[in-house]
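Engineer: Given chain A's structure and the hints, the job is docking chain B onto it.
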Amino acid sequence: MLFATLEHILIHISFSTISIVITIHLITLLVRELRGLRDSSEKGMITTFSSITGFLVSRWISSGHFPLSNLYESLIFLSWALYILHTIPKIQNSKNDLSTITTPSTILTQGFATSGLLTEMHQSTILVPALQSQWLMMHVSMMLLSYATLLCGSLLSAALLIIRFQKNFDFFSKKKKNVLLKTFFFSEIENLYAKRIKNTSFPAFPNYYKYQLTERLDSWSYRVISLGFTLLTIGILCGAVWANEAWGSYWNWDPKETWAFITWTIFAIYLHSRTNPNWKGTNSALVASIGFLIIWICYFGINLLGIGLHSYGSFTLPSK
Amino acid sequence: MPSPASYLLLNPAKPSSSRLLPPPRLPARRFHVSCDAPRGSAGARSGGGGGRREVVPAGASKAKKQIVFFDSAPPVSSSQPQQGGGSATEKGEGETPTSKGGNGNAALGLLRRVTKRTLSALSNLPLAISEMFAIAALMALGTVIDQGEAPSYYFEKFPEDNPVFGFITWRWILTPGFDHMFSSPVFLGLLALLAASLMACTYTTQLPMVKVARRWSFTHSGERIRKQEFADSLPRASIQDLGVILMGAGYEVFTKGPSLYAFKGLAGRYAPIGVHLAMLFIMAGATLSATGSFKGSVDVPQGLNFVIGDVMKPRGVLSIAPDVFNTEVHVNRFYMEYYDSGEVSQFYSDLSLFNLDGKEVMRKTIKVNDPLRYGGITIYQTDWGFSALQVKKNGEGPFNLAMAQLKLNGDKKLYGTFLPLEDSDSSNPNVKGISMLARDLQSIVLYDQDGKFVGVRRPSSKLPIEINGNEILIEDAIGTTGLDLKTDPGVPIVYAGFGALMLTTCISYLSHSQIWALQDGSTVVVGGKTNRAKLEFSEEMNRLLDKVPELIGANNENIVDSKSTAT
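Chains A and B, in that order, are what the protein sequence lines are.
Residues in the first sequence are numbered consecutively from 0, following numbering that gives the first Met the number 0.
Residues in the second sequence are numbered consecutively from 0, following numbering that gives the first Met the number 0.
Read the hints as simulated data drawn from the structure, not as lab findings.
Since this is a predicted model, take the numbers as computed values, not measurements.
It cannot be assumed that every hint is accurate.
Okay, the calculated bits of chain B under chain A, using three or more residues with CB under 8 Å as the criterion [said to hold, decoys possible]: (1) 122-129; (2) 261-270; (3) 335-345.
As a list, the in silico DSSO-like pairs of lysine-lysine whose alpha-carbon atoms are at most 30 Å apart [stated by the list, open to error]: (4) Lys210/B with Lys255/B; (5) Lys366/B with Lys294/B; (6) Lys461/B with Lys411/B; (7) Lys546/B with Lys89/A; (8) Lys412/B with Lys294/B; (9) Lys406/B with Lys431/B; (10) Lys279/A with Lys528/B; (11) Lys391/B with Lys461/B; (12) Lys279/A with Lys115/B; (13) Lys312/B with Lys406/B; (14) Lys406/B with Lys366/B; (15) Lys210/B with Lys279/A; (16) Lys226/B with Lys279/A; (17) Lys255/B with Lys209/A; (18) Lys528/B with Lys226/B; (19) Lys431/B with Lys391/B; (20) Lys528/B with Lys209/A; (21) Lys89/A with Lys528/B; (22) Lys366/B with Lys392/B; (23) Lys312/B with Lys451/B; (24) Lys451/B with Lys461/B.
Idealized CB from N, CA, C, for every residue including glycine.
Okay, chain A solo, but in the shape it has when bound (with noise of 0.2 Å):
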């Protein structure tokens, strides 16, 4: 009982948090650069972190097994793998513009976990014999970082896209559902051009600032990229192996198997397109855009339709 309350302190504590934090950055990149309000932001950050993990932990404990065996689990720790990543280049000291990414996605992420659509799951409930393996953490945890990871590499490469097509974007401008989109990856450059559009001295590149940040997310980009590429497939490869300990054949065509080597397939795809120095640019961003939607299919299209062996995740949405 203590840890259900707990739990339940926690996980309000982080969503209203990281809602303030969504708020705040938001008023940043609209309105002003406000010091003071980036570092409560941060601030805003950490708790938000501290407390999901305390809500993971509190979750393992009390039910004696790794938090991963449903759905709603499995989001938290998205949420939560999400956090690592906007906290890694804090560490190294880069400066990074992955918290635009990240905190949105964490944000949509936590609340779908804990909107209306998944409350019968909220409860934590006992594993089935078949999860019963020490590979449930391996496997699992590995995919959800990879997953996390991959998303945000793809979501860099949209952003990409999207800044270099910008001109065919402007008619869009002046309709008012599409403002949102425009602040979050417009305004960056925006605000670049007018504070430092007095410097003369720097070359007359007409759109230095452009192909400055566009290079600077196709490097990211790949770099995120490749890292989840390789979480990704340490994933799938335990996954084999469990179920080679389990079943008796590590690979069954499983949908959610299938899919997981798609999803592996077209980042596979990007990373051989960046080979080539035609390609590099538009074409893998447009491919690593595609990635994004396939890791979607494969994490929630599948758990929807709730066939196969994965059918742990499955949920069915509520009939109205």
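Structural biologist: Just chain B now, with coordinates in the frame of chain A:
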């Protein structure tokens, strides 16, 4: 030579010292690995330096990649003219291989040409990418279309008179074998093609890269250094200091006179080769599994036994039954453990293996995720059932009542049995009796002869129950264990491939960084490049170069005297 001060003006402060324009194509001496790099731009920029190699002329902008056969150790540099016959120069390679000139045998020459052409066609990168796309698309299709159903199912789902999406009839599904997509010839053929592309690309591109990557070279030209992706110059510095700082940062540093070469992360160049080799391993192991394994599935009530060879079926053409198939498996006991809530927590089977002489060779209790391995055979716990209920009626018995599985929607099972209270004869087809239902081996629910619920009993409690004047005592619940047996010769190979793939994928994340430096009077010109982590490299370089001490005062003259400038 411009003064150091003007250098600072022309090349602004560190954070923006990275090149603004895309880096120019480096001379052909640098190894450019791409399965199909555009040849036109390479031709536009002639490879400098005499005595090195010919570059493909600019006119051959659409020329296919040419393959090199390394029959003997190629010389480091030679200016042999292009020879006909077996060999051709490959772009980016540092050596011209000696041809096999003297091939008197025309058939052998033809074979070599055909092989070369196939290899160059197969190792084409766009082909490989389109193969991967095609495989991904087919896999996605395989998850959407229901697999493994009878043809009549597809006749119903994709009728000819009302096609799905306007054109997909059952002919579209059944002819290419899409109802068993993952073993259909189309899919397997694509996989084989991808494997061939992998092998061709490994042989033609990556193995040569190993040779080239190991060679490092000093430059004596400050111009060439400044053209690198990252370039900078440090006035009043010494190349020895730079070398020491680079060594501290984990680089391997080599100096020769005034020039310096350092690299880090060379494993990141080799690792993709390892990745491809590991994938080939896995494919080979999977092929072996598909052709040489045995699989079997059996339900054995507690107390009975079976011979392994009786239940195993070969899966492929290369399956050879080993001697261990003569072993007999005896199920000593099958039981389940439960949570407090009543849900099943685990299934256990206590198995004993006996060989032909009747000697017990192994005994183990297996559970899900913990199989039994013996002589290459693995026995997994996969299923369970209810075999019989042992009851005593009014002290008589015990009777074994067979339990039948009742149909339920979903995963849960339900078993039932019936104990008649009257004699059944032809005059009275409706015999009354006691019904017993069970969801698991733990509790039995009893109903009287009118179908009314009477009570629940656990076999372990040994408590009797009174129904319709009869005293029923549930003695025991005898379960059936569902076992899956498998022998698979490909598994060790596949596991080795898995391990190698995991390791090499991790290593290929490393970025291969190279730094060249030249002591130019009292200035050190530094240039570097890396293949993956470009942003991090420039930041790291900035940090390192900041650490190089600036030499002031009297030391200047010494350095100017002792160094020979080579511009």
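Engineer: Each of the hints needs a verdict: does it hold here or not?
Structural biologist: To see whether the hints hold, each was checked on the structure:
Counting residues of the region 122-129 of chain B whose C-beta sits closer than 8 Å to any C-beta of chain A gives 3, which meets the bar of three, so the coverage hint holds. Note: the region 261-270 of chain B has 0 residues with beta-carbon separation from chain A under 8 Å; the three-residue rule is not met and the coverage is violated. Figure legend: the region 335-345 of chain B, annotated as covered by chain A; annotation consistent (6 residues with Cβ-Cβ distances under 8 Å, at least 3 required). Taking the CA atoms of Lys210/B and Lys255/B, the gap is near 22 Å; set against the 30 Å cutoff, the hint holds.
Only pairs whose Cα atoms come within 30 Å are accepted, and Lys366/B paired with Lys294/B is accepted, the gap being roughly 19 Å. For a cut-off of 30 Å, the pair hint linking Lys461/B to Lys411/B stands: about 26 Å separates their Cα positions. Only pairs whose Cα atoms come within 30 Å are accepted, and Lys546/B paired with Lys89/A is accepted, the gap being roughly 22 Å. A hinted pair counts as satisfied when its Cα atoms are at most 30 Å apart, and Lys412/B with Lys294/B qualifies at roughly 25 Å.
A distance of roughly 22 Å separates the Cα atoms of Lys406/B and Lys431/B; the hinted pair therefore holds under the 30 Å criterion. Using a Cα cut-off of 30 Å, the hinted pair Lys279/A and Lys528/B holds, with the two alpha carbons roughly 17 Å apart. Distance check on the hinted pair: Lys391/B and Lys461/B sit about 10 Å apart at the alpha-carbon level, within 30 Å; holds. Straight-line distance between C-alpha atoms of Lys279/A and Lys115/B comes to about 29 Å, which keeps the hinted pair within the 30 Å bound.
The hinted pair formed by Lys312/B and Lys406/B meets the criterion: a straight-line CA distance of about 29 Å does not exceed 30 Å. Only pairs whose Cα atoms come within 30 Å are accepted, and Lys406/B paired with Lys366/B is accepted, the gap being roughly 26 Å. Simply put, Lys210/B and Lys279/A have alpha-carbon atoms about 26 Å apart, close enough for the 30 Å limit, and the pair holds. Annotation: proposed proximity of Lys226/B to Lys279/A holds, straight-line Cα distance about 21 Å (limit 30 Å).
Distance check on the hinted pair: Lys255/B and Lys209/A sit about 42 Å apart at the alpha-carbon level, beyond 30 Å; violated. For the suggested pair Lys528/B and Lys226/B, the alpha carbons sit about 10 Å apart, so the restraint of at most 30 Å is met. Proximity of Lys431/B to Lys391/B is assessed by CA-CA distance (about 18 Å); at most 30 Å being required, the pair is judged to hold. The hinted pair formed by Lys528/B and Lys209/A meets the criterion: a straight-line CA distance of about 23 Å does not exceed 30 Å.
Between Lys89/A and Lys528/B, the direct Cα distance comes to roughly 25 Å. Compliance with the 30 Å bound is thereby established for this hinted pair. A distance of roughly 34 Å separates the Cα atoms of Lys366/B and Lys392/B; the hinted pair therefore is violated under the 30 Å criterion. Taking the CA atoms of Lys312/B and Lys451/B, the gap is about 47 Å. The hint is violated against a cut of 30 Å. Distance check on the hinted pair: Lys451/B and Lys461/B sit about 22 Å apart at the alpha-carbon level, within 30 Å; holds.
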